[in-house]
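> Residue numbers (full-length UniProt numbering): 1 to 1052.
Hints in this document: simulated from the structure, not taken from any laboratory. Wrong hints could be hidden among the right ones.
Pairs of lysine to aspartate or glutamate residues, derived as EDC-like cross-links and limited to a Cα-Cα distance of at most 20 Å, are as follows [to be verified]: (1) Lys1031 / Glu1008; (2) Lys437 / Glu220; (3) Lys749 / Asp829; (4) Lys749 / Asp692; (5) Lys1031 / Glu987; (6) Lys437 / Glu491; (7) Lys129 / Asp1033; (8) Lys503 / Glu724; (9) Lys916 / Glu987; (10) Lys735 / Glu724; (11) Lys1002 / Asp1033; (12) Lys945 / Asp898; (13) Lys631 / Asp644; (14) Lys741 / Glu759; (15) Lys682 / Asp692; (16) Lys425 / Asp402; (17) Lys679 / Glu698; (18) Lys945 / Asp985; (19) Lys588 / Glu558; (20) Lys129 / Glu699; (21) Lys749 / Glu819.
Label pairs and their in silico Cβ distance ranges [unchecked claim]: (22) Asn624 / Glu724: 47 to 57 Å; (23) Glu321 / Ala225: 27 to 37 Å; (24) Gly662 / Gly450: 25 to 35 Å; (25) Ser728 / Thr1006: 31 to 41 Å.
We put the beta carbon where it would ideally sit given N, CA and C, even for glycine.
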Amino acid sequence: MAFRAQEPTFRGSLAAKMLARGSTCGARPTAAPSLRGSAVVVGHGSVDAATTATTTTTSRSRSRSHVSRGRVYFATRVPGARCAAWRGEGLNTSFAARPAGVSGRRDRPVVLRRTAASEARQRQRTLPKYFDWKEAEGRLYGWWESEGCFRPIDGRSGAEEGKFVMAMPPPNVTGALHMGHAMFVTIEDIMARHARMCGKDVLWIPGTDHAGIATQMVVEKSLAAEGVAKADLGREAFVDKVWEWKETYGHRITDQLRALGASCDWSRESFTLDDNLSAAVVEAFNRLHDEGLIYRGSYMVNWSPNLQTAVSDLEVEYSDETGTLYYFKYPIAAADGSGAAGGDEEGVSYLPVATSRPETILGDTAVAVNPSDPRFSHLIGSKAIVPFVGREVPIIGDEGVDVDFGTGALKVTPAHDMNDYALGKKHGLEFVRIMNKDGTLNGECAEYAGLDRFEARERVWSDLEACGMAVRTEAYETRVPKSQRGGEVIEPMLSEQWFVEMKPLADPSLDLVRRGDVKIVPQRFEKVYNNWLENIQDWCISRQLWWGHRIPAWYCYEGREEAERGARGAHAGSPYVVASSEEEAYAKARAEHGEGVFLVQEEDVLDTWFSSSLWPFSTLGWPNEGAEDLKRFYPTSMLETGHDILFFWVARMIMMGQHLTGEAPFHTVYLHGLIRDEKGRKMSKTLGNVIDPLTVIEEYGTDALRFTLATGTTPGQDLNLSLEKIESSRNLVNKIWNASKFVLSCLEKLEEEGYEWNEESLGTGAGRETLPFAERWVLAELSALVEENDRAHARHDIGEAGRATYNFFWGQFADWYLEVAKTRLYSDDREEARRCMGVLLKVFLSSLRLLHPYMPFVTEEVYQVLAGSGDSIVNSRWPRPDEEADGGARASFAVFQDAVRSIRNIRAEQQVPVNKKISALLVIDDEGLRAEVASEARALEFLCKIEGLRIIERGEAEALSSEEHIETVVNDGFCVYIPLAGLVDAEQEISRLRRQATKIEKDLATLEGRLSSPSFVEKAPKKVVDETVAKRDDLTQQLSMVRGRLDVLVAA
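Please model the entire structure based on the sequences and the hints provided.
Okay, structure coming up:
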């Protein structure tokens, strides 16, 4: 039975669809990538479901195809192929694998070989009107990946810059992209791209997790829809079906990670059930068991009756609900031991008890009271009788009993309550199991056997009422544990499971953090980490599933019939051996139990977190100590993930890495926060506030989403996300694009005049000190920005680095320097224009590099057209601070900017028409500053629409009359005077202002009347009153400004 080809639930694998966009007919010609004479041929073709299943990425045979709705995108290097932009004709789309003999690693910067059409565009220095991210993203990513841009460079592991290695938190193979994925991919990709540009040998390892419970549930549902049950198939056939599902749909999440721009080395993609990773799991289990750290025993677990398996704490979600507390009478046994209901000294024959789960009364083995509670302390040592089953149980004293909850007397069910389990162990109580794995009651429960737990709850309470033992019910607020996967209420249950003893692993891992061998960012989480490890509990690692790493333990039986019973799951008390294979297991078993021994392998699989805890080193070849990647890249540099899995994954990786390899698996742990909606609420389907990253990418582009996530984050802090923030980031993409078009248009004109440039010498070299004021300023600002970026990246504050770059690019470069540059680039002095272009290119290219880790697609698209070298920006060098930067120019230009703002404010206040030019007089005391500002007089006139600008010193300004000018102070020793004459038509302006004053006075009188009315102030909602007061104050201020302007104009 084959799986039906069905539409993926996450909107048709939009990620893959986006990747395919680059290959559609009509796309503008682009640079076709090449390396060592090979080319990338890009094509698409329709395929049926069967073809789809055979061409998608698998753990054993990974292709370069990305599938979406019957369309396959191929990016395959073909040695010797001629480069041509694909137009949709005559291409064979059946190939997908990398041809034999083609290197999978880059050994020099990628060089882009162009088609004739793209070379023509390169010469023309043109860009379309808008950045078409829907077309560009897939095309650019296909080029990066096919050219090996994301692989470590051979021979560079010993480079001075060092290495940067990071393992991606493996998303579930069943997963569809959500904002949590988008967050970690964005942060990690920024780290990887930044390290790569800084010259480090970078390896970012991708992969997926087999997700035992989630994947098994998906396949079970798919089979159920076809009328097939898991049990009907049997274990082997069912596991084959799960593999079939994985091979068919497992690529979806990785395609979506590609759509986010993840620059990981896909040639090293891992899956937690790959053969080499499975071997690592078996080796780890064997070692830990041989050391006595893995054992089998009975313990309380979170039991999912629907899934019929234990689940981890992480897979339990708590729901705040209004529950019911049931009060009833617990009979006190007669002192003569007859078992009949007796009474205390005052003739009371029962103990009042309250419970939220009446069905568990049947499993009670004690009633506990607080020894300091005078109501019940005298009963300690007496016996009580369990209703309906007649079992005598002790009344015990324990200081942990809360005298204020319920009645202050606690029924104790050690086999079905986490807290009661601890009491049972402490007081040596009997453990009575009353529940089957499916949530029904078992034979210990007399006439209630076979009832579902919730049905039994109603029956038990009804029977208590019938026999007069029920007292009352009471509503109370409680937190109900529910399965994250199935949504059903979790049942605490005593179960035979496999455990890891954690204390011996925890202590060395605590020392790693205390010594600073592992650094946690932000540091406050070190305390959380320490507290958890200091109070760590043993880890239940077994799961009652078929999909996953089957526990490598074999039970030993003397005969075939006994072995067959064992195969049905009745292993209690049976001896076992742990081995790496069945052959090794038989060898061990025969040595211990003789030649006639029969073996049955453990049915349970390991908790998914067990294999995930080995991820940083199993993906590099462990336990093969001679593996090249293990020697070269372990330990890794960084582990980035959400703070919510600090315990469940991060701490366990540290413990396993330290114990199994002798080293911490990574040096730094970066913890990001959760993504919430704009109001700070958790995103949920119930609230309807979920933001789908694929929808965002479709509307705004990947760059906009990435930049929003990156600049909105601070290590460890949650991020409140809104579409308005994403739209703002999209505006930055547009700003970059428009700036690019301006730069390219000016560059094209200069190149027509014979201008040639070399990026290495831009804005540097001889004559640097003779550069104009604005050029020295912008280069100094760039240098300061690079320094700020370096500091922020060093402390892993990518949000701060991104925000600083945004502020520079938009607030300084685009808003100021580009405007000043226009006065040079459009002037008749072509030498001045060429000098300006050199600085402009230097700053713009550096800005693109600083922005690239955040916005990889738009920066690469612009860089390819602008730089002209064919190299990818991925491999370009990170900007470096300029030791010769003119720091003084920064301070002086800040004053220049204040002067421009002052003049613009005067224009706005006086409502000078936009196109009307005005006169201005600048009085500057400082000779040096006066010279600097004077050197930019043309720019100042352009920015403020001034004609007849004069710049003088203080002595020349003494004769100026305040009635003839509007004066504003820029700073101490710098004033601006704007002559009133000709500024506006005085008579018209006076008339307009008087009309405006009359209207404001009328509106103000209305508000004053309303506020003077006691009925309004006392009866209107406070919000309305406050708004009215605020509006009155605003109008009062407006009236004052209008009257002030009137006074000036009338006096003139």
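> Going through the earlier hints one by one, which of them does the structure break, listed in rising order?
Structure breaks hints 4, 5, 7, 8, 13, 17, 24.
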